[in-house]
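Undergrad: The primary structure of each chain is shown beneath.
2 protein chains.
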Amino acid sequence: MHISKSFIPILKNNPSEAKIKSHQLMLRVGMIKQSSAGIYSWLPLGLRVMKKIEQIVREEQNKIGAQEILMPTIQSSEIWKESGRYEDYGEEMLRIKDRQNREMLYGPTNEELVTDIFRSSVKSYKSLPQLLYHIQWKFRDEIRPRFGIMRCREFFMKDAYSFDINDEEALFSYNKFFLSYLKTFQRLDLKAIPMAADTGPIGGNLSHEFIILAETGESKIYTDKRIFEVDNKVSKLEKKTLEDLRNRFEKFYSVTDEKFDKAEFETKVVEENRLITKGIEVGHIFYFGDKYSKPMDASVDLPGGRKDFVKMGSYGIGVSRLVGAIIEANYDERKEIMKWPISVAPFDISIIPMINKNEKLALKKANEIDLELAKNNIETLIDDTDENFSSKIKKMNLIGAPYQIIIGKQSEDDLIEFKKIGEVSKKLKLSEIINIIKKEKEKN
Amino acid sequence: MHISKSFIPILKNNPSEAKIKSHQLMLRVGMIKQSSAGIYSWLPLGLRVMKKIEQIVREEQNKIGAQEILMPTIQSSEIWKESGRYEDYGEEMLRIKDRQNREMLYGPTNEELVTDIFRSSVKSYKSLPQLLYHIQWKFRDEIRPRFGIMRCREFFMKDAYSFDINDEEALFSYNKFFLSYLKTFQRLDLKAIPMAADTGPIGGNLSHEFIILAETGESKIYTDKRIFEVDNKVSKLEKKTLEDLRNRFEKFYSVTDEKFDKAEFETKVVEENRLITKGIEVGHIFYFGDKYSKPMDASVDLPGGRKDFVKMGSYGIGVSRLVGAIIEANYDERKEIMKWPISVAPFDISIIPMINKNEKLALKKANEIDLELAKNNIETLIDDTDENFSSKIKKMNLIGAPYQIIIGKQSEDDLIEFKKIGEVSKKLKLSEIINIIKKEKEKN
Numbered sequence: 030m031h032i033s034k035s036f037i038p039i040l041k042n043n044p045s046e047a048k049i050k051s052h053q054l055m056l057r058v059g060m061i062k063q064s065s066a067g068i069y070s071w072l073p074l075g076l077r078v079m080k081k082i083e084q085i086v087r088e089e090q091n092k093i094g095a096q097e098i099l100m101p102t103i104q105s106s107e108i109w110k111e112s113g114r115y116e117d118y119g120e121e122m123l124r125i126k127d128r129q130n131r132e133m134l135y136g137p138t139n140e141e142l143v144t145d146i147f148r149s150s151v152k153s154y155k156s157l158p159q160l161l162y163h164i165q166w167k168f169r170d171e172i173r174p175r176f177g178i179m180r181c182r183e184f185f186m187k188d189a190y191s192f193d194i195n196d197e198e199a200l201f202s203y204n205k206f207f208l209s210y211l212k213t214f215q216r217l218d219l220k221a222i223p224m225a226a227d228t229g230p231i232g233g234n235l236s237h238e239f240i241i242l243a244e245t246g247e248s249k250i251y252t253d254k255r256i257f258e259v260d261n262k263v264s265k266l267e268k269k270t271l272e273d274l275r276n277r278f279e280k281f282y283s284v285t286d287e288k289f290d291k292a293e294f295e296t297k298v299v300e301e302n303r304l305i306t307k308g309i310e311v312g313h314i315f316y317f318g319d320k321y322s323k324p325m326d327a328s329v330d331l332p333g334g335r336k337d338f339v340k341m342g343s344y345g346i347g348v349s350r351l352v353g354a355i356i357e358a359n360y361d362e363r364k365e366i367m368k369w370p371i372s373v374a375p376f377d378i379s380i381i382p383m384i385n386k387n388e389k390l391a392l393k394k395a396n397e398i399d400l401e402l403a404k405n406n407i408e409t410l411i412d413d414t415d416e417n418f419s420s421k422i423k424k425m426n427l428i429g430a431p432y433q434i435i436i437g438k439q440s441e442d443d444l445i446e447f448k449k450i451g452e453v454s455k456k457l458k459l460s461e462i463i464n465i466i467k468k469e470k471e472k473n
Numbered sequence: 030m031h032i033s034k035s036f037i038p039i040l041k042n043n044p045s046e047a048k049i050k051s052h053q054l055m056l057r058v059g060m061i062k063q064s065s066a067g068i069y070s071w072l073p074l075g076l077r078v079m080k081k082i083e084q085i086v087r088e089e090q091n092k093i094g095a096q097e098i099l100m101p102t103i104q105s106s107e108i109w110k111e112s113g114r115y116e117d118y119g120e121e122m123l124r125i126k127d128r129q130n131r132e133m134l135y136g137p138t139n140e141e142l143v144t145d146i147f148r149s150s151v152k153s154y155k156s157l158p159q160l161l162y163h164i165q166w167k168f169r170d171e172i173r174p175r176f177g178i179m180r181c182r183e184f185f186m187k188d189a190y191s192f193d194i195n196d197e198e199a200l201f202s203y204n205k206f207f208l209s210y211l212k213t214f215q216r217l218d219l220k221a222i223p224m225a226a227d228t229g230p231i232g233g234n235l236s237h238e239f240i241i242l243a244e245t246g247e248s249k250i251y252t253d254k255r256i257f258e259v260d261n262k263v264s265k266l267e268k269k270t271l272e273d274l275r276n277r278f279e280k281f282y283s284v285t286d287e288k289f290d291k292a293e294f295e296t297k298v299v300e301e302n303r304l305i306t307k308g309i310e311v312g313h314i315f316y317f318g319d320k321y322s323k324p325m326d327a328s329v330d331l332p333g334g335r336k337d338f339v340k341m342g343s344y345g346i347g348v349s350r351l352v353g354a355i356i357e358a359n360y361d362e363r364k365e366i367m368k369w370p371i372s373v374a375p376f377d378i379s380i381i382p383m384i385n386k387n388e389k390l391a392l393k394k395a396n397e398i399d400l401e402l403a404k405n406n407i408e409t410l411i412d413d414t415d416e417n418f419s420s421k422i423k424k425m426n427l428i429g430a431p432y433q434i435i436i437g438k439q440s441e442d443d444l445i446e447f448k449k450i451g452e453v454s455k456k457l458k459l460s461e462i463i464n465i466i467k468k469e470k471e472k473n
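Respectively, the protein sequence lines represent chains A and B. Take the first sequence: its letters are residues 30 to 473, numbered as in the numbering used here. Take the second sequence: its letters are residues 30 to 473, numbered as in the numbering used here.
Just so you know, the hints here were simulated from the structure itself, not pulled from any lab data. Treat the numbers as computed from the prediction; the structure is a model and nothing was measured. Warning: the hint list may mix true and false statements.
For identical chains, the list gives no copy identity; a pair is met inside one copy or between any two copies.
Stated by the list, open to error - Taking lysine-lysine and the DSS-like style, the derived pairs with C-alpha atoms no more than 30 Å apart in a straight line are:
| id | residue 1 | residue 2 |
| --- | --- | --- |
| 1 | LYS394 | LYS467 |
| 2 | LYS62 | LYS389 |
| 3 | LYS424 | LYS152 |
| 4 | LYS110 | LYS249 |
| 5 | LYS62 | LYS336 |
| 6 | LYS80 | LYS336 |
| 7 | LYS389 | LYS458 |
| 8 | LYS404 | LYS81 |
| 9 | LYS34 | LYS336 |
| 10 | LYS468 | LYS212 |
| 11 | LYS81 | LYS62 |
| 12 | LYS126 | LYS110 |
All chains should be modelled from the sequences, with the hints used to inform the complete structure.
TA: Pasting the structure below:
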C-alpha cells in the first residue's frame, strides 16, 4: 500500500490528552479516533492490527474444540432478571428503553444470553461438553473512561462459555481454556501470567486473570518470579496433562490485589523471589458451577434418568485492549520506535524510497520490490511521498512494521538496504530478504 | 466436523411463527435463534455463512480501493444535531441516555460519524478521493420486526462513504461502487438488478437499489425484462468504462415503487417486456453532494487556494439480510432441499455414512475421506449419528452443503457414491470428487 493513498492520519507531536504510551502512539499514528468519551473509531492501521489479533484468538479457540457463535449486542432485561443480576449489576450496565418501552440493555457480558441459547437446544448429557464463544462488541458505562482503548466504554471482546455434566468435566473445560489462553498470548509475543483472581460480578470461586507486566497497568500483582520460567508445553489435550500444566503454574504464589495475603506471600515466597509490580489484565477465566444454570433452569438428562443443572464457566479476552497491551510491551517511547510482533503487525515491512520532485527512480524500484514481496504474501507499506528522508524514517518507526527497506537515489546493484526496525542495516539480495520474513511469519 | 460434536440444533418440523421460507429454514436448521423481538443470535451454521458473505463483500470493496475502518455502534447525538437529522430521524433511532445523562444513540447509519472522522484528518484535495467502509452492527427500532433476519432490529451491514473534490469525481466513485455491487452479488450467485430508487432519510437525488427477484420481497418493482441480460463486464476501473456500464443498465426502465410512473413505464417499455413483480433489496447506493459536508463543515483546500465542501456518497449492503436473500433464491421448500452457492456454503460437502450400533466401518471410511478432503481445504460435515439413513439425508438436504457423499455398509471398492445435492448420484474416485469441488471453488 502507498502512504499517499492510505487513510493514516499521522500527528506531528504526541497528543497532550494521552497519558500512557499506547494511547499516545495510537492517536499519533492514526490507529484510532475518539468519537465520544470512551468510544473510539478504528482507522485502517488500528483495524489491521485488531483483526489479526482477533484471528489468532479465534484459531486458538477452535483448536480446543470451541464453536463460534455471535450473540447480539442488545439484550432483553428479562433474562437478567431471571439470573438475578439485573438489579445487582449497577450503573456500568447501559440500560435502554426501546420505542415500545421495553427494558433492554447493551450486553456487558453474556452469561445469561448464552445460557438461554443452551437451555433451548441441549437436553441430554450426550451432547456435552459444549464450548461456545463469540467475538463481539460490549459496553460498560465506565464513570471515568481513560487510557484510550485500555479502559473505554465500547470494547471488542472474545467471551466463551463451557457447559458440562459435572465438576470434573467442567474443570477439564476450564483447563482447556487455561491452555488456550497461554498459547494465544504466546502467539502475540506477550508473556502473560495466570494469577489467582477475584471473581467480581461474574461469580464462582475459581478464577484466573492473565496479566502482562507493565508499569502503566492498573492491576497490582504479587508473584513468585519463577512463574515466568514455567514450561507451558502440553503434549495432548487430556485431563491429566492439563492438570499438570495448571499445577506447574500454581506451585508458585501469584495473585492480584484482591487475593493478596501478606503473611501467605512471605511464607510461600523467599525474599529474593518476591515480585510486587503492576500489570495489565488481558484475559480472565471463571468457573462458577450452577450459578446461572440453576436460576435459569438449564438442566440436562443424566444417564440414570435424573436431571441436573449444567456446570458452567466463562472465559474472556479483551481483543481491543490487546492492541494497547502489545504497544505497552513493545513501544520504546524514548527512541520513538514501535516494533510489532510480525503475527499482528499492520504491515510486514515498510519501504522507504528517497524521492525528489523530478527523480522518481527510487519509487519505481520500490514498486518493483513491492510486487515481488506481494507474490510471497508479504504486506508492504511504501512511503511514496516527497517528504525528506529523516521524517519518513521517523514516521515508519512509529508505524512499526518490523522490517524496513531503504532505497537511496543511486542504488545500482542487486543488493538492498534492509534492516530490522531500530537495528543496523545490511545489504541483502531480495530473495534473502523474502526468506527472512517468510521464516519469521511461519514461526507463528 | 462431526454432527454429534457440533452445535446445530435441528427442529423436526417447520416452526409455525415463520412466514417466509428463509425464516423457516434458518430456524429449522438452527442457523439463528431469536433472543428478543427482531434481535437474533447467530449459531455456528448461520455464522459460517454470514462470515463468508462478509469476506466476499470485503474483498470487493478492497478491489475498488476502499479502505476498511470500524466505527462504534454507540454514537453521540451531537453530530446528528450538527447535520440536522437528530430530530428528523424518528422513532426508528434507538435513543439512549448514558449514566451521565448524555444523549447517545445506537447508529442506524454512519454519515455523520464518518464525516466527523474525515473532517478532522483530511485538509487538502490532494488526499482525495477517499473511500472508507466498515462492516458493523446497526440498530433500527422497527415497530413490527418480521421475517426473521430480513426485517429485524439489530442487523449487520457494510456501509461505505466516498469523499471527492467535485461532482465529476464523485460520480466516478459512485460508479465504482455500482460495479463493485454487481460483482459482489454475482459472487453470491444472485442476480441483483440496479433500480432507480428513492433516497429516503439519507437524502440526495441520485440513488440505486440493488434488488433480487423474490415473491416474498417487500419491494415492488417495475422493470424492462431485458435488463436481466445486460453485460456487466468492465475491462478497467476508468471513468469512461464505468459510465458505459451504468448506461447499459439505465437504457432499460427499472424502478422501485416510489419512483414508479405509469405513463413513463408504458411509453418506454413495450408490453411484452414489462415485468411487474416483487423483490428484496440487498444493496442501496446514494449520491448526495454536500448534504452532510456543508452543515458539518467538511471542506478541503482546492488547487487555487479556495476551499470547498467535499462531495459525498454512501453505499450500503445488508450482510445479514443477504443470508436470507440467498435462501429465498435457492431453497426448494416443497422438496425441502437447500442448495448453497459453494462460495458461501456452511460446508462444501456432507458425508453420510450408514451406521449401525455395532458396525462402524462406514464411519471409519467417512473419516478417512474427510482427512483427504481437509488436505485440499474442502470443508466437510459428517453425520456420525446412528439415525436412520432417510432422516440423515433429510437433515443434510436442509443444511444444504452443495455436494454429498453416501457411504453404504458394504462399499468394497475405490468408487464412492457422490452427488450434487438433489440430483442423481454417480460412482467416482475420491480424486475425481476432489477435482470437481476444487474447480467449483476456484470459479469464485
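Undergrad: Each hint should be assessed against the structure and marked as holding or not.
TA: Going down the list of hints, with the structure as the test:
no.: 1; hint: LYS394 - LYS467; in the structure: within (21 Å within a copy, 37 Å between copies)
no.: 2; hint: LYS62 - LYS389; in the structure: neither (34 Å within a copy, 58 Å between copies)
no.: 3; hint: LYS424 - LYS152; in the structure: between (58 Å within a copy, 19 Å between copies)
no.: 4; hint: LYS110 - LYS249; in the structure: neither (34 Å within a copy, 43 Å between copies)
no.: 5; hint: LYS62 - LYS336; in the structure: between (52 Å within a copy, 24 Å between copies)
no.: 6; hint: LYS80 - LYS336; in the structure: neither (42 Å within a copy, 37 Å between copies)
no.: 7; hint: LYS389 - LYS458; in the structure: within (22 Å within a copy, 56 Å between copies)
no.: 8; hint: LYS404 - LYS81; in the structure: both (20 Å within a copy, 24 Å between copies)
no.: 9; hint: LYS34 - LYS336; in the structure: between (62 Å within a copy, 21 Å between copies)
no.: 10; hint: LYS468 - LYS212; in the structure: within (20 Å within a copy, 36 Å between copies)
no.: 11; hint: LYS81 - LYS62; in the structure: both (19 Å within a copy, 29 Å between copies)
no.: 12; hint: LYS126 - LYS110; in the structure: both (16 Å within a copy, 21 Å between copies)
This entry does not satisfy hints 2, 4 and 6, going by the numbered hints stated previously.
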